[in-house]
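Asks: Residue numbers 128 to 280, in the working numbering, belong to the letters of the sequence shown in order.
In short, the hints are calculated from the structure, not lab data. One thing to keep in mind: the hints can contain errors.
Keeping only pairs whose Cα atoms sit at most 30 Å apart, straight-line, the calculated DSSO-like set for lysine-lysine is [to be verified]: (1) LYS193 <-> LYS243; (2) LYS192 <-> LYS243; (3) LYS243 <-> LYS151.
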Amino acid sequence: MSPVESFAQLAAHLTAERRTHIWKRLCDNQIAWLTTVRPDGRPDTVAVWYHLLDDGDIIVYSEPKKIKLRNIADNPHVTLVLDETDLGRDVIRLEGTARFDASVPPLDELPGYVAKYAERIAVLFGTPRAFAEMFAEPIRIAPTRLRSIDSDI
Numbered sequence: 128m129s130p131v132e133s134f135a136q137l138a139a140h141l142t143a144e145r146r147t148h149i150w151k152r153l154c155d156n157q158i159a160w161l162t163t164v165r166p167d168g169r170p171d172t173v174a175v176w177y178h179l180l181d182d183g184d185i186i187v188y189s190e191p192k193k194i195k196l197r198n199i200a201d202n203p204h205v206t207l208v209l210d211e212t213d214l215g216r217d218v219i220r221l222e223g224t225a226r227f228d229a230s231v232p233p234l235d236e237l238p239g240y241v242a243k244y245a246e247r248i249a250v251l252f253g254t255p256r257a258f259a260e261m262f263a264e265p266i267r268i269a270p271t272r273l274r275s276i277d278s279d280i
């Protein structure tokens, strides 16, 4: 299933205008907040860069041995919230299941990911390869529910 088809299923309860707006945010936003659950039940939230894969899943790369990786191994349920841009009036949340996925290529081999973050990668890491070597753990998120502030169902 393509990203557009996958999104259409998640967003079927929204108006066409709202679907278009959310799709644009999913494609264009640079930062999202990933929440995982610690073994003791407490949430753990971190800022992440993300990319939509061709099958509609979302990829996030992590440095090895981070808490989020351990949390996902214990409990795959996650929430991804797009960085708010409008004083909290345009919150977009995706709920889903996450897993480590070694079949996903390194981030420097995903042209769309590199293009989306080219400026940030250049400033912070120098090259896509240097960034990929640091953030080498691919986390695949399969969205199961889309929630936005105007459609909290």
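Asks: Please list, smallest to largest, the hint numbers that this structure does not respect.
Replies: none
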